[in-house]
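2 protein chains.
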Amino acid sequence: MEKKIITISREFGSGGRTIGRKVAEALGIPFYDKELVDQIAMESGFAPKFVEEHGEHSPSGSLFSYAFAPQGVPGIMNGLSTADFLWNIQCNVILQLADKGPCVIVGRNADYILKDRPDALHVYVFADTPYRAERIVRLYGDSEKTPEQRLAEKDKRRRVNYQHYTGRTWGQAQNYDICLDTGVLGIEQCTDIVVNIIKNSQE
Amino acid sequence: MEKKIITISREFGSGGRTIGRKVAEALGIPFYDKELVDQIAMESGFAPKFVEEHGEHSPSGSLFSYAFAPQGVPGIMNGLSTADFLWNIQCNVILQLADKGPCVIVGRNADYILKDRPDALHVYVFADTPYRAERIVRLYGDSEKTPEQRLAEKDKRRRVNYQHYTGRTWGQAQNYDICLDTGVLGIEQCTDIVVNIIKNSQE
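In order, the protein sequences belong to chains A and B. Numbering (this note's numbering) for the first sequence: 1 to 203. Numbering (this note's numbering) for the second sequence: 1001 to 1203.
Don't take every hint at face value.
Okay, the calculated bits of chain B under chain A, using three or more residues with CB under 8 Å as the criterion [as the list claims (entries may be wrong)]: (1) 1133 to 1144; (2) 1162 to 1168.
Residues of chain A clear of chain B, computed beta-carbon distances all greater than 10 Å [claimed, not checked]: (3) Y140; (4) G167; (5) Q189.
Pairs of lysine-lysine, DSSO-like flavour, derived with a Cα cap of 27 Å [unchecked claim]: (6) B/K1199 - B/K1100; (7) A/K199 - B/K1199; (8) B/K1145 - B/K1049; (9) B/K1115 - A/K156; (10) A/K199 - B/K1049; (11) B/K1199 - A/K22; (12) A/K115 - B/K1156; (13) A/K4 - A/K34.
Derived by calculation from the structure, the hints in this document are not laboratory data. Since we're looking at a predicted model, the values are computed, not measured. The beta carbon of each residue, even a glycine, is placed where N, CA and C say it ideally should be.
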């Protein structure tokens, strides 16, 4: 089956976003990450920063989150919580992006949202904590929390969000078509593997 | 890090054993599967058929299983259940095989037993139920149970055994270095991916 859409789910700091960008470049197809966030933000009327922070995180259910919601929310949101409203918009945006043509989509539970598209290849990227800790400090700098705390918090938020909206277990191999440990295999090699799978499927 | 040992864990019917054999052939290194079972059997004094049936399955704890145990068992087994005794022997055999040199080891929880060897590449192979059902009927023929029942039973026994002896979750991506869906990627391509990873690590 020819594969045209690539979804990349990733542990924080594993290099999944970098692999996504490199795969898109190698194949000459669009790469959706921040662009996707912006599009979701525009469609929802939420502030882009709010979407970026909440799009893959736990459904909070807190009243506070409504403070960031667009004007006229009660009507638009149709009784949904902010998180559920955002989830619905994310699903629609991702389904539309995939319909537009070949692309790479990083994060946002796209593996689940596009699970019924036989032309989608679902990739999961992970690595052990020391590898990711070194990488996030190098790329994003230090913060008041230890790198291990930052990884644990972000991983937990992604895991809870994924479980809540998909009913699946985050990181379970059967949810994806291929899972890659970047700490062992390296980002370049993981990129090559994914690019080759796509090219082979199109021959 | 140069990789010399390949462990392959697999869902029943996914083609993991075939990939293991092909990888071993391509690299010109030994392949341990039934041979491993035989060696375990010889060392333990258990009948090969008993080892084959119980080596990856649930720890039964049933008294019945002692009927298959070697003579003089109470002394040899040192108070362990048959399953625990077999597990200890499996661990020793697998550690010794890896010490002997490059090889492919299929099943027997070798990913966990060799988790501390940095020269080991741990591969998990899986596929969806329809792909595996078609495959087991084609390879092993029909039986009184449906293919789906056979898959569910065998998967469950492997999962319970793995969980019991390793404390890990069967099929969780983080237990392995790479996970491959043979139904999507095909056995030939999965073989090539693993062979290339090993070759690249040795350059």
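Here is how each hint holds up against the structure:
As drawn, the segment 1133 to 1144 of chain B meets chain A at 0 residues by the rule of a beta-carbon pair under 8 Å; below three, the given contact is violated. A stretch counts as covered by a chain when three or more of its residues have a beta carbon under 8 Å from one of that chain; for the segment 1162 to 1168 of chain B and chain A the count is 0, and the coverage is violated. Distance check on A/Y140: its Cβ is at least 22 Å (rounded) from any Cβ of chain B, clearing the 10 Å threshold; non-interface status holds. Interface exclusion of A/G167 from chain B stands, the closest Cβ pair being 16 Å apart, more than 10 Å.
Not every beta carbon of chain B lies more than 10 Å from that of A/Q189, the smallest distance being close to 6 Å; the non-interface claim is violated. Annotation: proposed proximity of B/K1199 to B/K1100 holds, straight-line Cα distance about 20 Å (limit 27 Å). Among the hinted pairs, A/K199 with B/K1199 is consistent with the structure: their alpha-carbon atoms are about 21 Å apart, no more than 27 Å. A hinted pair counts as satisfied when its Cα atoms are at most 27 Å apart, and B/K1145 with B/K1049 qualifies at roughly 21 Å.
Of the pairs offered as hints, the one joining B/K1115 and A/K156 holds, with about 25 Å between alpha carbons and a cut-off of 27 Å not exceeded. The suggested pairing of A/K199 with B/K1049 is violated, with an alpha-carbon distance near 44 Å, which exceeds 27 Å. Of the pairs offered as hints, the one joining B/K1199 and A/K22 holds, with about 23 Å between alpha carbons and a cut-off of 27 Å not exceeded. Distance restraint check for A/K115 and B/K1156: the Cα-Cα separation of roughly 25 Å lies within the 27 Å cut-off, and the hinted pair is therefore satisfied.
For the hint pairing A/K4 with A/K34, the CA-to-CA distance comes to about 20 Å; that is within 27 Å, so the pair holds.
When held up to the earlier numbered hints, the structure conflicts with 1, 2, 5, 10 and fits the remainder.
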